[in-house]
Amino acid sequence: MEPFEPYAIGMVDFPEGLRIYGIINRMENLRIGMEVETTVDKLYEDEENEYITWMWKPID
Amino acid sequence: MKHRQVAIVGVGLHPWGVFPDKSMAELAVEAIVKAIKDAKMDWRQIEFIAASSYMWVADREGLMGILSGHSIERLMGETGIPVFNLGQACATGTVVLNAAYLAVASGEYDVALAVGADKSAGGFFRPQSRDGKFDQDYMRYVMTGYTNPAYWAIECRRRMQDTGTTEDDLAMVKVLSSKAGARNPYARYQREFTKEEVLNSAMVCDPLHLFEICATSDGAGAIIITSLDKAKRYTDKPVLIEGIATGSCSFGDPTIPLTRLSAFPRTGVLPLTESRNAIAALYKKTNRRPEDIDIIELPDNSSWHYFAYLDCELNLEPGEAERMLRRGDLDPIDGKLPVIPSGGLGAAGEATVCHGMYQVFSCTKQLRGEAGEMQVKKDVKVALAQTYGYAGNNGACILSKAW
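Going line by line, the protein sequences match chains A and B.
Under this note's numbering, the letters of the first sequence match residues 4 to 63, in that order.
Under this note's numbering, the letters of the second sequence match residues 34 to 436, in that order.
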């Protein structure tokens with residue numbers, strides 16, 4: 004985990020009523036209430052694999 | 034339901050801090066010996082033990098941690114009595130006391146011990162497995178980046194937006210609580226912090242600074258209870274457990290409790306239902322109202338918790354807790370409603386499964402007028418203590434004088 008790199012996270016409300024945690028794929032210009040879309044992005048990699056997870060991509 | 038009244042007759046703590054040369058059970062024994070002396074009692078008089086299951090089983094002190102109570106009982110002297118072990122994360126201490134209370138209130142036992150000890154892992158808590166398929170905690174930490182302080186930070190950011198909590202308010206929580214912590218001989222950080230120091234400390238999870246988040250500590254606490262009719266044999270100042278309650282979440286809670294990844298918020302359901310449910314049950318059991326409470330011990334894992342749990346405990350309107358703080362009402366020594374007169378988790382650091390004992394010790398000492406330099410200025414008749422834990426669980430109790 005070192006050196007530590009800051010990351011952004013958010014709780015996102017879906018139209019179906021569900022609220023879900025996730026990483027936001029950028030650090031800048033974030034605000035409560037902004038729209039995001041669901042995307043898939045790289046979490047980390049080791050010698051064998053690249054690991055992916057769901058993330059939020061802000062729509063400006 | 035009719036049951037017997039129950040009182041606290043002895044309390045004991047091991048100091049909170051970092052004690053690499055002592056085992057979990059050794060910490061507990063020191064706390065128990067103090068509690069037994071406090072109750073002027075003999076170990077053989079204990080009829081029932083409820084113990085906090087040691088949390089750091091996976092990487093420290095091995096499997097016996099789950100059976101903490103049995104390890105502790107063995108060191109104290111095996112008398113063959115029942116020993117229950119309970120694990121409810123940060124709420125464990127209060128839930129253990131609840132179990133001991135039920136054992137005595139039911140009439141099954143006359144004298145019971147609630148004991149907890151912990152040696153926390155340093156730094157941020159971590160997932161205990163590498164199972165990305167079934168371990169929700171692993172998924173939370175690794176796939177979404179939600180460490181515990183990150184969860185607190187995001188709820189805090191939401192509160193600042195909705196309620197107008199300011200950075201100054203958050204810093205003042207530490208400033209105020211450290212005033213009591215500086216006077217507490219059991220606390221790990223026995224000094225006062227200034228607002229500048231807090232705001233200039235490292236940013237951990239925006240908006241929470243290092244000094245606005247509690248450390249993880251080692252510690253141990255023991256509480257001895259008896260039926261009220263027998264309590265006077267052991268102490269001149271028995272402390273009545275007017276009520277004790279444990280709560281879990283209601284469906285539709287807008288918060289996402291630790292270990293979970295999602296929630297389904299429903300209109301009209303307030304946040305932190307596990308705490309609201311326990312506290313509502315507690316007020317009902319005791320026929321008390323928030324106005325009756327003289328002092329509060331709450332789980333100030335971060336400055337956000339301080340405000341969020343005051344809302345739950347006192348059923349406050351949004352922003353009221355912050356206004357009370359700004360007016361000085363919540364000063365832990367000379368406020369109208371002293372909050373965390375022990376200095377709380379901010380001064381102690383969290384020994385996860387026994388913070389409930391730390392809180393009840395503080396309230397007992399305040400009610401007896403034995404809190405020394407920490408003794409609050411107002412007359413204390415009724416105290417409320419509350420812990421909350423992982424995965425949406427909570428324990429709370431109301432204590433008063435029984436003499």
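Note that these hints are calculated values from the structure, not bench results.
Some hints here could point you the wrong way.
[What the hints assert, rightly or not] Calculated lysine-lysine pairs in the DSSO-like style (CA-CA distance at most 30 Å, straight line):
1) B:Lys166 with A:Lys60
2) B:Lys317 with B:Lys73
3) B:Lys55 with B:Lys35
4) B:Lys410 with B:Lys318
5) A:Lys45 with B:Lys73
[Stated by the list, open to error] Some chain B residues close to chain A (C-beta under 8 Å, calculated; not the full set):
6) Met176
7) Ile187
8) Ala296
Quick reminder that beta carbons are idealized off the backbone N, C-alpha and C, glycines included.
(message) Hint by hint, where does the structure go against what was stated? Just the numbers, ascending.
(response) 2, 3 and 5
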